[in-house]
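Residue numbers (the working numbering), protein chains in the order written: chain B, -18 to 93; chain V, 98 to 208.
One or more of the hints may lead you astray.
Heads up, simulated DSSO-like pairs for lysine-lysine below, C-alpha to C-alpha not over 27 angstroms straight-line [what the hints assert, rightly or not]:
1. B:LYS38 x B:LYS(-6)
2. B:LYS38 x V:LYS123
3. B:LYS51 x B:LYS(-16)
4. B:LYS(-16) x V:LYS153
5. B:LYS(-1) x B:LYS38
6. B:LYS(-16) x B:LYS36
Don't read these hints as lab results, they were simulated from the structure. Every value quoted in this text rests on a predicted model; they were computed, and no experiment measured them.
The lines below spell out each chain.
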Amino acid sequence: DVKVTQSSRYLVKRTGEKVFLECVQDMDHENMFWYRQDPGLGLRLIYFSYDVKMKEKGDIPEGYSVSREKKERFSLILESASTNQTSMYLCASTRQGDQPQHFGDGTRLSIL
Amino acid sequence: SQQGEEDPQALSIQEGENATMNCSYKTSINNLQWYRQNSGRGLVHLILIRSNEREKHSGRLRVTLDTSKKSSSLLITASRAADTASYFCATEPGTASKLTFGTGTRLQVTL
Chain B
-18 DVKVTQSSRY LVKRTGEKVF LECVQDMDHE NMFWYRQDPG LGLRLIYFSY
32 DVKMKEKGDI PEGYSVSREK KERFSLILES ASTNQTSMYL CASTRQGDQP
82 QHFGDGTRLS IL
Chain V
98 SQQGEEDPQA LSIQEGENAT MNCSYKTSIN NLQWYRQNSG RGLVHLILIR
148 SNEREKHSGR LRVTLDTSKK SSSLLITASR AADTASYFCA TEPGTASKLT
198 FGTGTRLQVT L
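Same shape as in the complex, but just chain V (with noise of 0.2 angstroms):
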């Protein structure tokens, strides 16, 4: 079953915008987790933000966590072209490390 769902399913920047795009899930987690994959390939992990923590960073990427409204954020900053790609959220509901990922947000940077 999907229990992320990303928003927006698409979102096209140019070279140094900042790129937002957010994650609603409908049941309890212990964590959540961002990953990008690029066209083809696997997905490779960029965050996880537990349950009891309202905000991370990494590097250019800043996220958030809203347990209360069940949803989280993915800012990236000073986007660039190399950013282009697909970018999933990940609910872990409990400690069997068992993911359910939503459909994706497609990030097109342009420049």
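Looking at chain B on its own, in the form it has when it is part of the complex (with noise of 0.2 angstroms):
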């Protein structure tokens, strides 16, 4: 089984931190992302990545950054911390298009 590891479930931080999320996953896949969940959003694409050292914005990417050095694992960077960034964060992977993505049990991240 895929299995996406996210490093905390839980995060506290306080505004103007610099906060790092990390996303880890098994199944050499080629495709990572980074998701934000909010009450009555839905979830929404921050950032992607087809390949290592390979990035793209997605539909949020204001506020963040992301960083691939090795292919199993894709790291969210908040540059400096807003109280409007508490939020579910969510990492996915999926070897190619036209296939499931598979999601770890994300982090909730709260922002003093």
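Take each chain as given, in its own frame, and dock them per the hints.
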């Protein structure tokens, strides 16, 4: 079974901090994604990556950056955390298009 | 941008009843997928239906797709309390694997 592991289930940070969310998948998938999930808004795509060192902006990239130095790891970075970035963050991976995405359990991030 | 819109937003039924959720979308798609999310957890894939398919089954799940109406439905038959969760549709417009999710339907199955 594919396993997508997010480093933290719960995280509390302060405004202005630089925050790193880590995601690791163990199935050699090419594609990895970061979403945020907010009540009433569903899942919104922040960034995705089709290969190592490759990244593309999703629908809401402002205030975020990503890093993919190794195929199995995709990191989401909040450069200077703000309270409106309090949310549930979900990482997903898939081998290629036209296939299901596999999700981690999510990180519930609170910015105080 | 939100492409899929689920209807209803919330659904409460008794165990043993059938549950039907609908999804509408706006642009042409390569496939449509349904996912389930238990409270506070990640999403789990249920079914993928391609644009050239009209119906697909998996256990107690039945999914239909009408590309002319840009809509899909998910039917859960003989529901169980363990089916209580949120259900999301997601559309893939091309072959790039980038999905656009709807806002979800919250299903509550009571004993």
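Check your understanding: Hey, LYS38 of chain B versus LYS123 of chain V, does the alpha-carbon distance stay inside 27 angstroms?
Key -> Status holds; Cα separation ~21 angstroms.
Exercise for review: Assess, step by step, whether the Cα of LYS(-1) of chain B is no farther than 27 angstroms from the Cα of LYS38 of chain B, and give holds or violated.
Suggested key: 19 angstroms, holds
Check your understanding: Are the Cα atoms of LYS(-16) of chain B and LYS36 of chain B separated by 27 angstroms or less?
Key -> Holds: LYS(-16) of chain B and LYS36 of chain B sit about 22 angstroms apart, inside 27 angstroms.
Check your understanding: Straight-line Cα separation of LYS38 of chain B and LYS(-6) of chain B no greater than 27 angstroms?
Key -> 24 angstroms, holds
Check your understanding: Holds or violated: LYS51 of chain B with LYS(-16) of chain B, Cα cutoff 27 angstroms?
Key -> Satisfied, since the Cα-Cα distance of roughly 16 angstroms is no more than 27 angstroms.
**Study point:** Agreement of LYS(-16) of chain B and LYS153 of chain V with the hint, judged by alpha carbon distance not exceeding 27 angstroms
**Key:** 26 angstroms, holds
The structure fails none of the hints (numbered hints given earlier).
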